[in-house]
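Colleague: Here's the letter readout for the chains.
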Amino acid sequence: MSAGTPPLSTPPKPQAKGLNCPKCGAAITLRSFGQAETVVCGSCRCILDAKDPNLAILQQFELKTSDVKPLIPLGARGKLRGTDYDVIGFQRRSAKVEGVTYAWHEYLLFNPYKGFRYLSEYNGHWNDIGMCKQLPVFDGGSANYLGEFYKHFQTSDANTDFVLGEFPWQVRVGEHAVVTDYVHPPRVLSSEKLDQEVTWSIGEYMYGKEIWEAFRLPGTPPEAEGIYENQPSAVTTNVKEIWAAFAIFAILLFALMMGFEMFARKEPVFEETYHWDRAEAKGEPSFVTDGFDLNGRPSTVQVKTSAPVDNHWIYLNYALINDDTGEAWDFGREVSYYHGYDSDGSWTEGKQEDTVIIPSVPPGHYYMRIEPEVDPSLPSTSYRIRVTRGVHPMGIYGLAFLALLIPALLISWRAYSFERSRWSESDHPPIQISSGSEDDD
Amino acid sequence: MTQPVSNCPNCGAKIVFRWSSSVQTVCEYCKSILVRTDVDLKKVGQVADLPPDSSPIQVNTEGLYRNKSFVVIGRILYEYDQGGWNEWHLMMNDGTSAWLSDAQNEYAVSLSTKAQNLPAASQVHVGQQFTWNNQCYTVSVITPAHYRGVEGELPFPYWDKTNVTFVDLRTETGKFATLDYSDAEPALYLGEFIEFDDLKLKNLRTFEGW
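Protein chains in written order, with our numbering: chain G, 159 to 599; chain Y, 173 to 382.
The hints are simulated quantities; they were obtained by calculation from the structure and are not laboratory data.
A few of these clues could be false.
What the hints assert, rightly or not - No more than 30 Å apart at the CA atoms, straight line, and that leaves these computed lysine-lysine pairs for DSS-like:
id	chain 1	residue 1	chain 2	residue 2
1	Y	K372	G	K175
2	G	K237	Y	K374
3	Y	K333	G	K209
4	Y	K372	G	K272
Kindly produce the complete structure, drawing on both the sequences and the hints.
Modeller: Below, the structure is given as structure tokens:
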């Protein structure tokens, strides 16, 4: 080896480059270690060729609105999903949809090992966006990406209004691209078509609070307005689970009901038919029945009253009395049955039968005191009383069923409203959309 | 594996080939481009200074791909109108070689693949589909690129190339293909995109402030 061999020099460590704007002399920092294609002078709004050592001016643009200021300052470093990123570029883009201009902001993030990502912000709604490495598959109005279906949301013509910082591609103010969004909350799949080239990106919804924490920004993030295209909805995601839970509970309830019904004792303990005649009903109309025994553990007692009433009523004041203790259960039951015919057709009201269940009646020897009241237009009638021990009450199941059904319906309704608001901003406003709640039941 | 050792015909520095199939290398000291012949090394050119580069990978970076460890032994730097990218030449621990491309920190590993009836550059258009190894590939972009420089060991001589046409093909699964039209016969590379963290890279460059 010759003596003149120079020592191996390691290439210098890449560092952020400090330059000056050729137009106004303002300091310009390049933070992406030579990956920038263009850089924007923050003070004179020149777009400069970052690859040119002299930073040739590519475009000068006028600032139309003075309030375009990045919410995350250029150069800020934050930790997103475990990786540090610097904010190196910022652009404002807008699209006109049915005469209304919508503007959003995009922040370009850079990590020298992991590369580029974006954050987008629209009215306080944020998305963390990366480039797609796979091609989506199309099927009618939806796209399949990595096995998930994304519904077409909107196609619009996006204009670049304002740029700041550096970009690894040629950026120009006034450039148009056709942007198409497909949503599968919390993700959004977007295509951007510029000339011939189509690029795909995949974004995930983020809350302003998360961005503020990631970049340790002072103050509070702007309040999110309305519902964004891929904003996750806790209620929407829960709808399917709620109905699945509802179905399981309803089946359990039914099984419980069947089980109790099957094992209910339904033991007849007393049955008697009585006659009432207005001509005989003088003085004290109340009387007591024969005694009967209720055995076993405390349990329900069903009292069924039936009377052949026809456009009449009878009312019975009952007292179920424990012969041993004197404890009494007082209750009144009416049996009435009416029917007729009017302009709407024939109608009926009431039944010739009434049932009541008294819960938890202890065992013992019992009798009933009965005081009938009868429709004044009825001269005489008969009525029959049947007492059954250990009847399983069904009404409670109806209540339990409602208790399950009402929250499920409420959540479905909220999810439906949420999805309606989401899709009202899309190319497919909600006329034909279903929230997924109706067809889940 | 024996590592053939010789000396740079230009400056006399020691030249070590780490991969036995390497055809070309660059002298680390005098940047002469050296091509291996049956008998010796021939200087065929000189590498102009490579432009400042931001790839975190460098010659000697080590990593893991499909449970095989590799070391970076060379690279080709390409340029196109939207920037540049690196194709890092990997020597796998089983003696094969592969390419790790770094295009704006998007990483992909590809292997040279033999295939019959590859289309001529003039016959290819965006959206066209091809099937290789039972996988359907769709042409996504055709890039006229420019060869910018080389470093380290390469499996073919690459010192006299200037313009190259690349056809990139994508799939629905993260696999991709590249048709390389730098030679008279098109060459096919099949590969897949890979996450930076999955490569388990060691001996990376460091960046000021990171």
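Colleague: Look at each hint and say if it fits the structure.
Modeller: Results of checking the hints against the structure:
Straight-line distance between C-alpha atoms of Y:K372 and G:K175 comes to about 29 Å, which keeps the hinted pair within the 30 Å bound. Between G:K237 and Y:K374, the direct Cα distance comes to roughly 22 Å. Compliance with the 30 Å bound is thereby established for this hinted pair. Only pairs whose Cα atoms come within 30 Å are accepted, and Y:K333 paired with G:K209 is accepted, the gap being roughly 23 Å. Note on Y:K372 and G:K272: the hinted pairing holds, with a Cα-Cα distance of about 13 Å set against a maximum of 30 Å.
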